[in-house]
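Undergrad: If you read the sequence shown in our numbering, its first letter stands for residue 252, the second for the next number, and so on.
Some clues are possibly wrong.
[Said to hold, decoys possible] SDA-like mimics (lysine to any residue), calculated; alpha carbons at most 20 Å apart, straight line:
hint: 1; residue 1: 257; residue 2: 386
hint: 2; residue 1: 421; residue 2: 344
hint: 3; residue 1: 257; residue 2: 306
hint: 4; residue 1: 297; residue 2: 283
hint: 5; residue 1: 350; residue 2: 427
hint: 6; residue 1: 421; residue 2: 431
hint: 7; residue 1: 279; residue 2: 387
hint: 8; residue 1: 257; residue 2: 309
Hints listed in this document are in silico derivations from the structure and should not be mistaken for laboratory results. A quick note: this is a predicted structure, and the numbers were derived from the prediction, not measured.
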Amino acid sequence: MIISHKHKFISLDPPKTGTNYRQNLLWKHGEHVTSLQHGNLIEIKKHFINYDFSDYFVFTFVRNPWDRFLSYYNWLNRPLDPDSFGSWLKGHLGRQSAKPQSHWYIQDGVIVTDFIGSLENMHKDMKLILNKINLPLTLPSKKSNRSQRRVNYQDFYNQELIDLVANHEKEVIQLKGYEY
Numbered sequence: 252m253i254i255s256h257k258h259k260f261i262s263l264d265p266p267k268t269g270t271n272y273r274q275n276l277l278w279k280h281g282e283h284v285t286s287l288q289h290g291n292l293i294e295i296k297k298h299f300i301n302y303d304f305s306d307y308f309v310f311t312f313v314r315n316p317w318d319r320f321l322s323y324y325n326w327l328n329r330p331l332d333p334d335s336f337g338s339w340l341k342g343h344l345g346r347q348s349a350k351p352q353s354h355w356y357i358q359d360g361v362i363v364t365d366f367i368g369s370l371e372n373m374h375k376d377m378k379l380i381l382n383k384i385n386l387p388l389t390l391p392s393k394k395s396n397r398s399q400r401r402v403n404y405q406d407f408y409n410q411e412l413i414d415l416v417a418n419h420e421k422e423v424i425q426l427k428g429y430e431y
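I would like the entire structure built from these sequences, with the hints used as guidance.
TA: Right under this line is the structure:
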C-alpha cells in the first residue's frame, strides 16, 4: 500500500494484482507502509487515525480471479499440476485469509474506491490514475515482476473449481465482467 499526503492518493493493493509494478512506480511519491502492504481502507484509516481522507483519490486493481488464484499458487512454489492445484484451492478458499478482491473496494455493500483498475489493462488504467493525481511519470514498458509461468490457467480448473472461484469472487466478476 502506498499513500501520498502530498499528492492525496491511496493505492490499495490486493495480492497478485500487479502490486509490485504499482509500488515500484509510486514509492518515491508517497509512503510505502509495509505493515499495510495489502491493507484495505478500513485498516488504513485505523493506522492513520488523525487524517481526513475525503479528498484523497483511492484506487485499487483487480485481476481475473481464476488466473489470480493460479498465480498465487505458483508464487508459493507449488507443483504446477491440476490435481495438486485443485486440492490447494479447495483448502485455500475455506480459510479466513482467502479474502475476495472485493475486500479492497467494498465496505458494507458500497464501493469505497474512486477507481478500480484491472491487471489486464494496467498500462491504460495507470495512465488515467497518474493523470488524475497529477503525477507526470513515464510508465515502464514492461511489468517489473513478470511471472515465468507459461501455462494457461484454464488447464488447471474443472467445473467444481470454476464454480468455487465464481462464488468466492462474484463481486469482481460482476464488476469487471470476467469470464472463465
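Undergrad: Need the list of violated hint numbers for this structure, in ascending order.
TA: Per hint list: zero violations.
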